[in-house]
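This is what each chain is made of:
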Amino acid sequence: MIYGLFFILSVTIFQRQPIFAEDAGKLLPTAIKEIRPASTAVSLEKWVKSANEHHGKLSVAGMQHSQGGHTYYPGATMIDMKSYNRILDYKPDERLITVQSGVTWEQIQRKINPDGLALRVTQSQAIFTVGGSLSANIHGRDIRFGSIYNTVQSLRLLTPTGQIIVVSRTKNPEWLPNVIGGYSLYGIILDVTLKLTSDELYQIETKEMSAEKYPAYFAEQVLRDDAVRMHMARISVAPDTFFNEMYVINYRLAENQLLLDKHRELHHERIIALPKALLGFSRYSEKGKELFWQIQKDYMLNKGGDYITRNNVMRSESEFMEYEQAGRTEVLSELFIPVSKFTVFVRDLKAILRKEQFNLLNITIRYVEKDEQATLSYAKEDMFALVLLINQGTGQHEIMETREVVQKMIDAALVHGGSYYLPYYPYASKEQLRKAYPNIDEFFKQKQTIDPNEVFVNLFYKEYK
Amino acid sequence: MDYHRFLRAQSIMISAGSVVFPFYLLFIRNVGESFSQFGWAYGLFTLMSACSFPFIGRMADAVGERNLLLLYTWGMALVMLLIPIAGGIWAIYAIQILMGFLGAVQKTAEKSALSRQAYEKRHTDIGKSIGHYHLWTSVWSAAAIIVTGYLIDFLTIGSIFYLASFMYAYAGITLAGRAKQLAD
Ligand SMILES: Cc1cc2nc3c(=O)[nH]c(=O)nc-3n(C[C@H](O)[C@H](O)[C@H](O)COP(=O)(O)OP(=O)(O)OC[C@H]3O[C@@H](n4cnc5c(N)ncnc54)[C@H](O)[C@@H]3O)c2cc1C
Chain A
1 MIYGLFFILS VTIFQRQPIF AEDAGKLLPT AIKEIRPAST AVSLEKWVKS ANEHHGKLSV
61 AGMQHSQGGH TYYPGATMID MKSYNRILDY KPDERLITVQ SGVTWEQIQR KINPDGLALR
121 VTQSQAIFTV GGSLSANIHG RDIRFGSIYN TVQSLRLLTP TGQIIVVSRT KNPEWLPNVI
181 GGYSLYGIIL DVTLKLTSDE LYQIETKEMS AEKYPAYFAE QVLRDDAVRM HMARISVAPD
241 TFFNEMYVIN YRLAENQLLL DKHRELHHER IIALPKALLG FSRYSEKGKE LFWQIQKDYM
301 LNKGGDYITR NNVMRSESEF MEYEQAGRTE VLSELFIPVS KFTVFVRDLK AILRKEQFNL
361 LNITIRYVEK DEQATLSYAK EDMFALVLLI NQGTGQHEIM ETREVVQKMI DAALVHGGSY
421 YLPYYPYASK EQLRKAYPNI DEFFKQKQTI DPNEVFVNLF YKEYK
Chain B
1 MDYHRFLRAQ SIMISAGSVV FPFYLLFIRN VGESFSQFGW AYGLFTLMSA CSFPFIGRMA
61 DAVGERNLLL LYTWGMALVM LLIPIAGGIW AIYAIQILMG FLGAVQKTAE KSALSRQAYE
121 KRHTDIGKSI GHYHLWTSVW SAAAIIVTGY LIDFLTIGSI FYLASFMYAY AGITLAGRAK
181 QLAD
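Chains as they are written, first to last, in UniProt numbering: chain A, 1 to 465; chain B, 1 to 184.
Each hint should be verified, as a subset may be incorrect.
Claimed, not checked - Anything over 12 Å on all C-beta distances counts as not near chain A; from chain B, calculated:
id	residue
1	D2
2	S165
3	F166
4	I173
Claimed, not checked - Here are a few chain B residues that face chain A, going by a calculated C-beta distance under 10 Å:
id	residue
5	R29
6	A77
7	L82
8	G88
9	A91
10	G131
11	H134
Claimed, not checked - Some chain B residues well away from chain A (every beta-carbon gap over 10 Å; in silico):
id	residue
12	S18
13	P22
14	M48
15	N67
16	L71
17	L78
18	I85
19	W90
20	S115
21	A118
22	I126
23	G158
Hints are computed from structural coordinates only; laboratory data are not their basis. Computed from a predicted structure; not experimentally measured. Each residue gets a CB set at the ideal place from its N, CA and C atoms; glycine is no exception.
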């Protein structure tokens with residue numbers, strides 16, 4: 001009897017408990033109202049209309065690899081787009097594919113790879129959703145197709161007031177700059193038609209060099225050479241070669257494309273014990289960082305001459321980076337710096353970081369071409385993008401410590417006309433945001449006119465609006 | 001106490017423990033923020049056990065193992081109801097202290113029941129009967145762990161704790177003797 005009473009009491013309290021949402025950053029667990037998996041455009045439309053009528057708040061989530069609470073909001077309903085993931089139409093001859101926005105790059109690759117087609121612009125990995133990627137206006141290793149903005153033929157948008165509209169360069173074009181790179185504040189991307197390209201066979205080209213030589217090398221040997229289609233580089237964070245040593249990886253069109261068939265098969269994620277262990281060491285000691293850098297560098301340099309397809313370059317491994325440790329997390333931070341300012345910027349960064357206790361594990365460098373189509377564009381000029389992988393504690397104090405260092409680095413980028421990337425933890429001050437994204441106030445202002453009830457919200461909006 | 005009933009109740013309790021244990025670990029890890037908190041949570045459990053052993057030992061002689069096991073099963077059934085609604089590290093500490101005490105109750109009762117059994121029956125093959133006891137309790141707990149592996153796809157973490165609570169309650173009913181009539 002008494003047990004029965006306690007049981008009912010427990011279940012009742014349990015059901016009233018808030019649901020917590022958390023993204024890849026793990027620094028912003030937030031109590032939300034509920035999670036609703038998306039199924040059809042009609043039901044989504046109903047939810048949005050009803051939220052408008054009943055003062056509801058909505059947020060939109062893909063794979064939640066963003067790290068600043070871009071996918072949730074306190075007390076709001078989180079719409080989970082992962083289940084909205086059908087490939088709707090595929091025209092290999094016209095090189096077009098239409099997908100629901102919860103589809104991942106990986107899903108598209110599996111569909112188009114057999115036909116010798118590939119995506120134009122993606123991140124370095126294929127684990128993200130199309131909707132999340134467009135909303136962050138992502139970039140990756142491709143250096144020839146410009147921004148992801150250019151790869152969108154058209155899309156269907158569910159606006160904040162519940163209308164479904166087609167958006168393209170000819171229909172409702174004024175929406176496009178705010179939807180792409182708009183972090184769902186301008187509504188839900190329902191489905192997207194993307195332009196594809198041919199899958200190609202590349203030969204890997206690697207080279208070691210000092211940081212000073214990199215900009216000239218990039219301009220002459222990479223950008224000017226049309227055969228180099230994709231590119232990335234790394235700069236050392238190991239104590240002995242800190243910010244001096246670099247290596248680059250070029251993906252050069254192979255002379256014999258007939259070999260493509262032999263390499264066509266999509267790579268699968270392997271459990272790689274060695275990089276995982278090395279990355280593990282590098283978290284804890286300077287020696288570990290040294291070892292990680294040396295071995296990773298030798299391994300990469302050794303890959304020179306290997307063949308790889310475009311599709312496979314776009315699906316590199318990520319599992320070995322996964323990190324589970326109570327009270328600690330690994331976050332990314334990304335800075336953009338005009339190509340011509342790279343050398344001075346690296347010198348500044350080195351000076352800042354030498355003085356700080358800051359557990360920096362890796363820096364990857366990629367290139368983004370000038371593109372100001374999106375309202376929140378980060379590429380005011382041709383830029384190098386430096387992605388920093390940071391290991392830190394989840395406590396308030398540790399967040400404050402990281403904030404201080406990241407803000408210094410952002411300041412250094414801003415001084416040289418650079419900017420920083422928005423999908424990560426909101427370490428930047430409001431002032432820094434306004435400097436890096438001069439259109440931000442306009443973006444928020446227009447948002448208020450198209451979303452008068454502020455139905456679409458997230459922590460990024462809460463923090464900065 | 002009838003040995004078979006004792007064995008059955010023990011098997012159910014130990015199975016319940018095996019079902020929740022991995023999820024309980026996950027749960028504490030999610031609530032705790034650092035290894036030191038994790039350390040405290042476990043330390044408190046063990047410390048509480050240590051402090052209660054002398055007292056419980058005396059209680060075993062005074063009230064008998066059956067009553068101790070009743071205390072344990074119903075106690076655990078209630079604790080399992082607390083876990084899904086516990087938030088924050090202090091709630092975890094409190095639960096660990098309760099479970100530390102109950103754990104000591106179970107250990108004492110189990111051992112004294114086994115040795116009393118041996119003593120009363122003047123067993124010459126004590127080792128054999130302990131082997132028999134552990135064999136069956138372990139078989140049941142293995143089965144429970146394997147089944148949980150399948151169930152977890154269908155149950156939420158919350159319902160795993162409720163399931164375990166039912167199992168402890170059922171073990172309690174078995175011990176109380178009413179289960180016998182129900183089964184017959
Ligand atoms: C390990 C790692 C590596 C990364 N590498 C790169 C990289 O190489 N290049 C790069 O540019 N970025 C990179 N990122 C950042 C990543 O591309 C963005 O965070 C991207 O938004 C993640 O996609 P997602 O599916 O996880 O989206 P989510 O994180 O779920 O969502 C991101 C934003 O998109 C919105 N959104 C999601 N779906 C929709 C939709 N259907 N309609 C409207 N809005 C929607 C969300 O509300 C949110 O504001 C990386 C992140 C991680 C964690």
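Structure-based check of each hint:
no., hint, result
1, D2, "holds (24 Å)"
2, S165, "violated (7 Å)"
3, F166, "violated (9 Å)"
4, I173, "violated (10 Å)"
5, R29, "holds (5 Å)"
6, A77, "holds (6 Å)"
7, L82, "holds (7 Å)"
8, G88, "violated (12 Å)"
9, A91, "violated (12 Å)"
10, G131, "violated (34 Å)"
11, H134, "violated (29 Å)"
12, S18, "holds (22 Å)"
13, P22, "holds (15 Å)"
14, M48, "holds (22 Å)"
15, N67, "holds (17 Å)"
16, L71, "holds (13 Å)"
17, L78, "violated (6 Å)"
18, I85, "violated (4 Å)"
19, W90, "holds (17 Å)"
20, S115, "holds (31 Å)"
21, A118, "holds (33 Å)"
22, I126, "holds (36 Å)"
23, G158, "violated (6 Å)"
Hints 2, 3, 4, 8, 9, 10, 11, 17, 18 and 23 from the list above are not met by this structure, while the remaining hints are.
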